[in-house]
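Chemist: First to last, the protein sequences are chains A, B, C, D and E.
Every letter in the first sequence is one number past the one before it in my numbering, and letter 15, counting from 1, is 15.
Start counting at 1 in the second sequence, then tack on 413, and there's your number in my numbering.
Start counting at 1 in the third sequence, then tack on 585, and there's your number in my numbering.
Start counting at 1 in the fourth sequence, then tack on 801, and there's your number in my numbering.
Start counting at 1 in the fifth sequence, then tack on 904, and there's your number in my numbering.
Just so you know, the hints here were simulated from the structure itself, not pulled from any lab data.
Just to be clear, a hint being listed does not mean it is correct.
Stated by the list, open to error - Partial selection, computed: residues in chain A whose CB lies under 7 angstroms from chain C: (1) Leu63; (2) Asn65; (3) Arg66; (4) Arg71; (5) Ala72; (6) Leu74; (7) Ser399; (8) Ser401; (9) Gly403.
Model, not experiment: these values are computed from the prediction.
Ideal Cβ positions, reconstructed from N, Cα and C, are used throughout, including at glycine.
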Amino acid sequence: MSAAADSFLERAPLELRDWAVQLLPAPLQWISHHLITIVAVLAVFGLFFAFTTVAERKLLGRLQNRLGPNRAGLPKFSILPWHIRHKLFGLSQPFADAVKALTKEDIVPAAADKVLHFLAPVVVVGFSLMTFAVLPFGRNLIPVELDAALLYFFAAGSASELAIFMAGWSSRNKYSLLAAMRALAQLISYELPLILSVVPVVLVASTLSTSAIVQAQGAWTFGVLPHWFVFTPWGFAGFIIFLISALAESNRSPFDLPEAESELVAGHLTEYSGFKYALFFMAEYFGLTALSGLGVTVFLGGWQAPCELLYWVPSYLWFMGKLILMIMLFIWVRGTLLRLRIDQLTRLSWQFLVPLALLNVGNAAFWALTAQWSGPLQLVRWAVSAAIVIVPFLVIGRSLSAGYAPRTYRYAP
Amino acid sequence: MTAALLLIAVLMLGSAAAAMLRRNLIHSALLLVASWTGVAAFYLWAGAEFVAFAQILVYAGAVSMVVLFAVLLTRQSREADLPIEPATVTRTASAFAVAASLAAVIGSAVATARFPAASAEAPAASVKQIGLELMAEHGAALLIVGIVLTVALIGATVIASNDKKRDPEDAP
Amino acid sequence: MLGSGIIKGLAVTAKNFLGSYHDPARMVTVEYPEQPTVLPEAYRNFPFLISEDAADPMGTLRCVSCQICEKECPPQCIVIEKSKDKKPDATGKPQLYPLTFNIDISVCMSCQICVEVCPFDAIKMDKVFEVAVTNRFDGLLLTRDQLAKPNSYYHDIHPAEAAEVDERLAAERKAAEEKAKAAAAAKAAAAAAKATPTPKPSDGPTEASAKGGTAA
Amino acid sequence: MTPLHLCLLISTALFCIGLFGALARSNTILVLLGIELMLNAANINFIAFWRYGPNPAAANGMIFVLFSIAVAAAEAAVGLALIIAVYRHQKNIRLQEATVLKG
Amino acid sequence: MTLPVQLLWLIPALPLLVAGIGALTRHRGVALAAIFAMAGSFVLSCLALAGALQDPAVHATYNFAWFDLGHGTLRLGFLLDPLTALMTTMVTFVGTLIFIFSLGYMKKDENFSRFFCFLCLFAAAMLGLLVANSLLLLFICWELVGLASYLLIGFWFHKPSAAAAAKKAFITTRIGDLGFLLGLLWLADSTGSLLFFDNGHGVLEAATLASLSGQTLACGLALSTAIGLLIFCGAIGKSGQFPLHVWLPDAMEGPTPVSALIHAATMVAAGVFLIARVYPLMSADALLTAVPVHALTVVAFIGAITALLGALIACAQNDIKRVLAFSTVSQLGYMMLALGVGAWSAAIFHLLTHAFFKALLFLGAGSVIHAAHHEQDIRRLGGLRTKMKFTFASFAIGMMALSGVPFLFSGFWSKEAILHAAHEWNVSHLPLYAGLCAVVLTAFYMTRLVAETFFGQPRSHGADHAHENTAAMTAPLVILAACAVLLGFLGTPYWPWLQKTLDPHYEATQGGLGLMLLSIGLVGAGLGLGWWLYGRKLRATAADRDPLATAAPFVMAALANRLGFDELYAATVGRLNTATAALAAFLDRYVIGGLVTFLAQLGIFSGSVNRQMDEANLNGGFDAVSESVRETGLFYSRKQTGETHGYLRVVAVAFVLLFLVLALGGVR
């Protein structure tokens, strides 16, 4: 197994970096080491963002029995044969979009606070990129190895709220301001369950370091059942809470209220156009990717292979695969669910997710305390843990949905 | 090292001073966020990562939000455009005098103080160590802080909620 | 149970997703430039002029340049210039014909009033919608040559309506011929007695039947 | 001039800026923020003494700062709630006008 | 796959959880939850049993501190040994079956969920009692068991007789518990611990026992004897031993499953369990010769008297449940007898077999009562043999097990073990004779019961329209009947597995075939006598005179009246109580009341004097002081402008000044 962990493919990215570094003159080497890492992350996730947008549009189309973008091909001067170049499944759509966004007119309202109006998209992209620093993309691939990585992640993520406020306030537009306030309320409400859903993992893994959390999930029962945290009762509950909160944190449907176009035009983005708008768009996807990456790291075993047989596949491929699955899940949810009302949104957080997440912390504590139980006691442990998840879920769920009897649709099948 | 510290200090003090002088409250608040971030940078510089991230999470993430909400909820019309009152001038002057004199006395005291030499190595404090100390030695304090936070949260909600009773005529 | 509805919804969209790959019937999208859109028969767009013979469109226009449509057109996008001379029409009767027949389709609002008022079934609504041009002034001003389309084209786009119109016209012509014969006979009969003026077909019934035709 | 002196001078400056804000500004929110700055200055001192103090192995300085941050957060929440209550009562938040507790 | 002793608390915790849920909701699903909880406890008990059987001689304990008391720590604990494990397994198994039976029996009751809540509470307390490793924890659960018994006897509290019976049961057992409590306190005082086993420091371990039996009291008793007898008082009350047996027959006012569970199988056996548990303490004085009496001798005689008395009274009862109740009293006497003669493993053996066949009999009786529209009088039943085949068959098996029909039925083996032990006892043979008499009587009254209930013609409307019950009620009967047969083979003289497991020092004694033949003969005699009196000529109508009453009317009347114990107690204890209460009322009303009134008047008088002095003299001075305080306050309140800036500025300036003073003054 250690051979696999040390295989050439596993080390390839690092080897490549070291080779590139040693090409440079000695005084530049220490900084280029970091610069290469940053550039690599930017390039990979920049492209990832680009293709996420097109994947999202295509998937949404398919989910609604449509085709999605399939036109944008390559320009005429490319050397590929026509039938490939012609459409290319619409894969070059993001580049067309980028060119469009770059060439659009950049409008700044006359009454706007120019500095803040400019700063907001910069800040939001900057901070959402910063969160990538602590995600372990592979066995050896973590940009910064921090002891308090999870804390760092949430600290960096919380800055996006400020950026949204800056965008909303500096636009001098009532819709923008209202949307910004709404976004803030939403982000603050859901930051709590988001963090609380990760706390159980911290409790059980007893570390804040993301790479150590991934290491803690690296084992298999019978070689096929991975010890990912999502496969425990508390981990599953935590993962679901994390998913819901992550949806809300990244302003995605069904929690896309701040951009509810029927109420607020385009929310805090109303007064943004062209490249600044594209930056916001980008930051949103970066945030989504980072949160998905965190979910993969914390609950889905990070770069760990799902079974022992597949251990030889390079770890970063596993990470990317899981990341893509997570994002597809988000897209799937977006293609399915309707937008919530603001009162439903806050109620969901404070009356449902937060209590469940708090109970889940206790659940994880129980799990950690009973770690040495074995034999039939394992069954007791699982049963108790599952009961701590299911019983409150049913009780709270019932009380929340009390009075909303199953609806009968008179005019629809 | 010292250069980095000075850079951080300039950022931190500059934005703090600007925040205290601006008439636009939102600008003040955002500048203060910058200042708090500077403080976090100082913590990072001193090797206290955990505290730095906690500082950002609490101040830039939470306190700033509360401040901004408070600013927006208590907006007064065109305050920035009002003429400066004479009382304001005297108050500012006296405040400056007091603050400057305090700065002078503390600064001189600090400048003349002698401290035992310390190691140049930053002390290593892992998160685990902090966690263990928090839970073991300072467990009681941690509990009390938890209670304080809870009480403060509930108290803030109670204070800020509209406690006016509805007029009986309003009731349908 | 809370959340079961979400799972049901997710199942529905997942079914859509998978179905979209193996069940072409699900896909409602028409890939337009490659795949032509099938328009409903009642679809109408801009008017065109019917000519009887595709080989000689200008010679066989049904339009007799009566200018009723020009007068009735609400946005006044039709411009007609009468010919000085007369040419025989399909029945062989000499009629006026339009020297100029211009429709500015940048102004036209596709109201179909011109079709309804035409007593000769000479102007009908077309189905062409790809009218994009590079010059929006001259390009969108359709002249007589561009407007004239053969009756067979009319049959292509509105088969039922065209058949009805043809049938009516044939009946009218037959009636006219019989009348003409009768008249000829009468003339022949009367020629002996006296020469009488050629009887004109009255406007009333023709107009009514034209209206009935378009309404159908 | 050791780094410790420098840190302490910086914290002194931050403290005095905060004090100036608290004394000079009429807007209660800014007064509160000035006080927050003063708290931060104190926290800087804790960290400085932890970093350059005689016993850096003990994490007491950091833990004290953590508690201080927690209490500051509570203080900010309650303070701003009070400000909103004051605003509702007197329709402005000028500190010099908030001179009575009755209301 | 065993249950570690640290988790033994799970066994009572499951029913307790359901009891808690049942207290909060009235949902009928509580019953299912209760059955599942009991079944879960049964599974856990089986795991515990498997663990305990791995090494029967070990007393696995888990002790923990409950709270600090002065300088000492009060410690509780759990104990796992074969005794505990067998008892918990029996209780949970029988309990599960009875819960299932109750599902059918109580179906139409409006307080269905409350019933199961109480049952669960009882089960939790009973199981807690069994797993306790501390006399204190045992006592707590003991009292909880009593409470649950009280609640369940009085479950139909709208019936005055039920309410009275509940009260009677509670108060009567309390008298015994008082002795228990005194013994417990004395034990705690003299040993400083209440744990049974505690690495050599427990009260049941050699060192403590030696010190306890070494001390002699003024009356000549050994200390251990005195404490043991006091603890035995508790057992007398709970197990319905003479002279505190009066509550048990009345307890039959409760629902029949309760009678089966609490007043036949489990709770009443708790006294036997208690004595078996503290057996080392009871037998600590066995080697002393200079003492007037040994604790176990008392136990043996009380047991013998109870066995005989219960059997006698049972012969003359007409209520089907009363007969079984007195039978229970008698059988408990047997167990006490066995304990007293030193065969505690035989006592537990009999306890286990008795639990099964008596639960079977009670459930059978419940089935009959349910079917016969709550007709309990055997004179008015009859002819049910053909109407309720399952019930009759299982009831007959129970009856034969109880009577001790040889070889096939468990009761025979356990009873035989007890009689054998009594025969071996070298102090006296009187208990043996009492036991042998009881054998005859048992066979006799059981024959009478079966003949009257199941044979002949139906003698009332209810019996006439009886029909077999649903599976929920018959299935437990069948299972219990199977157990009533099979369980006996665990402890035959030829393979005494149970005794060896419980008591590693047990030695199977050979011989005694004569005694066995004698008791078989006696059983035959009892059965024959019963058949001769009741079976030969079956009762025709409910009003017919009992053949026994015809033969010996006076004896029959006395026995039917339960030998007048209730009247006796009413005449002595009851009257004494009333008189004491009257005296207390007099003292309270006149003597203490008068004193209180006098003091109150005194207070009023001094108050009025005080007021005069106050108004005349003191007020002026206070006015002046108040005025000056007010002036001062006004002065300072002018300084209090409410300007926060001002305050803050003053603080800052003061700080600067303080700093300057410190700096210039050179204070270090």
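Chemist: Hints broken by the structure, by number, lowest first?
Modeler: Those not satisfied are hints 4, 5, 6, 7 and 9.
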